[in-house]
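Undergrad: Take a look at the letters that make up each chain.
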Amino acid sequence: MKFKGKSFIAIVLAPEQPFDSWFSELDRIIERSPGFFIDRPIILDVRGSNIPIDDLEQVLNGLGDRSIRVMGIDGISGTRLKDGMPPSFGGGRLTAEVDVPEPDTQVGNPDKGTHKEIATKNRKDASSGETDSAPETNGHSFAKSLDELERETAKQGDSSIVISDHVRSGQSILHPDGDVTVIGSVSSGAEIIAGGSIHIYGALRGRALAGVAGKDSARIFCTKLDAELVSINGLYKVADDFDGTLRNSPAQIRFENETLVFEGLN
Amino acid sequence: MSNATVVVVTSGKGGVGKTTTTAAIASALAKEGYQVCAIDFDVGLRNLDLIMGAERRVVFDLVNVVRGEASIKQALVRDKKLNNLYLLPASQTRDKDALTEEGVEAVISELRGYFDWVICDSPAGIERGATLAMRHADEAIIVSNPEVSSVRDCDRIIGLLDAKTKIAEDGGRMPKHLMITRYDTDRAKTGDMLATDDVVDILSVPLIGVVPESKDVLKASNVGLPVTLSDENSPPAKAYQEATRRLLGENIPVTIPEEKKSLFGKLFKGRAA
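Chains as they are written, first to last, in this note's numbering: chain A, 11 to 276; chain B, 4 to 276.
Careful: at least some of the hints might be erroneous.
[Unchecked claim] Below, in silico cross-link-like pairs of lysine to aspartate or glutamate (EDC-like), each with a Cα-Cα straight-line distance of 16 Å or less: (1) B/K34 with B/E235; (2) A/K234 with B/D201; (3) B/K167 with B/E142; (4) B/K218 with B/E245; (5) B/K218 with B/D234; (6) A/K234 with B/D234.
Hints listed in this document are in silico derivations from the structure and should not be mistaken for laboratory results.
Quick caveat: nothing in here was measured; it's all calculated off a predicted structure.
Please put together the full structure from these sequences, using the hints given.
TA: Here it is as structure tokens:
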């Protein structure tokens, strides 16, 4: 028998007192983008709050009323939970914040929810704590293994990968933990998705999505810009909206003041 | 016993000229004296037998062989003109699911023993038929028209060649050649068409030949002859002969029809595309 490991990015909700205003904030998000919580793993984070169990029940009921199904509760002992409550959930490593869609600017409101990666295969406890994670947390958080056998310090987010070949139409490179470097072209119909920056030593004709885990400081570099779509931290532009002067020339794209800035590289 | 080079002719998109290219390259190789077998993998929509003028002599087909209902020798159809050129036809009545991976592997490894070159005509698409056709190939000829959708589909196919083939799974890289077909000199001049340089740049695969759009191709398939046999001096035939020499390892520059227009015009007055 084999056990597979799979990691998902879960939305972590940390209820705050008073719950009424917290729920009304939640309602505002749901109203703005009704699909935001659908099909996403959702974890309730009560670590450090020492929440009374009755309050927790009230929060869970409130979420249930909004059709938000909590898959687990982080930061509470399983023995305290009542029957029928989602299980206690350990492990998890903070990543950057999840963007809450804002219809006007497409850019997120960072006050709600942190991203947490749940690695079922290699469970890691976020020792960096519950503080709202800055985008850099991902890169510098220490992770200690729950195995109790060893204490490893893994520098998550510093990993980068190099693809030393063309990325062809229909291929997708997904690397949520760091930078992606491609030595070759990215064809029309191909896509690169990176948690960090994207470097392409060749023509970018497909899609490049950098900083997908909420990293504003991510950039996209390519020696020939002919992309279908570029995105940094959820803010995107399609080819039709590009500045034509940089077409087919070396360029970098960065995130500044809620817009994407295109610059030539010379 | 020789050990053949297996070449898959593929493109992703339909109607670009895979079958024409298969027939032309296979017969050009046969004319050079090699033992050649062309396999039609387009089960359910077979065409290669028509282009090669063998449709009236097909008894058994690839599916029969794969299923063990006939031997390879029973199924091979010898060409009318060249006695070292054979065709393994596709079945018209079955669908692509009738092919199994083990069966195809067995057929190709047996053919490797009989021939110098095995040319596989891939069906369009990226599904089972196409992946089976490329799976055991040693080299690939990517056929593209100079227009964007065809180029993108080729790009997709190249990705599959580097991922789903036996060579790729063993950690190797399949040598690939780019054949640009239906190149229209007039449209190239007016810029209505992608230039060959652009296609090569996008696909990053070395060019093996540029075949001009020509009535000769249509004429040849109507009489059931590969274009390299029907009129050896037609521009497409010349382009295919050139490509074949390059496939054999000769290092000769690729003739872009546009550049040679005046020469073609002189040589083939009234006939050149």
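Undergrad: Next step is simple, just say for each hint if it's right about the structure.
TA: For each hint, the structure was consulted:
no.	hint	result
1	B/K34 with B/E235	holds (11 Å)
2	A/K234 with B/D201	holds (14 Å)
3	B/K167 with B/E142	holds (14 Å)
4	B/K218 with B/E245	violated (19 Å)
5	B/K218 with B/D234	holds (11 Å)
6	A/K234 with B/D234	violated (43 Å)
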